[in-house]
Amino acid sequence: MKRGDVVLIVSPGDLGRPRPGIVVQADEFKDLTTIFICPISSDVQANLPLRPTIEAGPSNGLRLRSQIMTDKMVALRRDRVRSVIGHLDSETTQELDRALLVVLGLAR
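Taking the working numbering, the leading residue of the sequence shown gets 13, the next gets one more, and so forth.
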């Protein structure tokens with residue numbers, strides 16, 4: 013797994029139901045037991061700049077237009093990540109980076 017991968021995850025509280033997420037942790041920390049993931053939702057909300065929109069496609073493995081929930085980033089044990097289903101394109105990755113800067117209070 014590497015940063016920008018679209019993965020299937022099982023989050024605590026989701027009753028074992030897999031959902032997609034984006035790996036946002038830097039590749040240099042691959043030996044940690046946990047990994048930072050932003051969940052993905054197909055319930056697209058208008059006017060939420062903190063949630064970049066992803067168009068479904070074969071390269072990202074998504075079936076529906078979705079949003080990256082940067083405001084719900086979680087640290088999951090690596091065994092909660094089931095599989096890599098795709099990867100973000102560079103434009104969406106840039107949008108994700110900008111949204112993370114705002115959510116983490118790093119944008120000035």
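No lab work stands behind these hints, which were simulated from the structure alone. Incorrect hints may appear among the rest.
Stated by the list, open to error - Computed cross-link-like contacts, DSSO-like style, restricted to lysine-lysine with a CA-CA straight-line distance of at most 27 angstroms:
| # | residue 1 | residue 2 |
| --- | --- | --- |
| 1 | 14 | 42 |
| 2 | 14 | 84 |
| 3 | 84 | 42 |
Here is how each hint holds up against the structure:
no., hint, result
1, 14 <-> 42, "holds, 8 angstroms"
2, 14 <-> 84, "holds, 19 angstroms"
3, 84 <-> 42, "holds, 21 angstroms"
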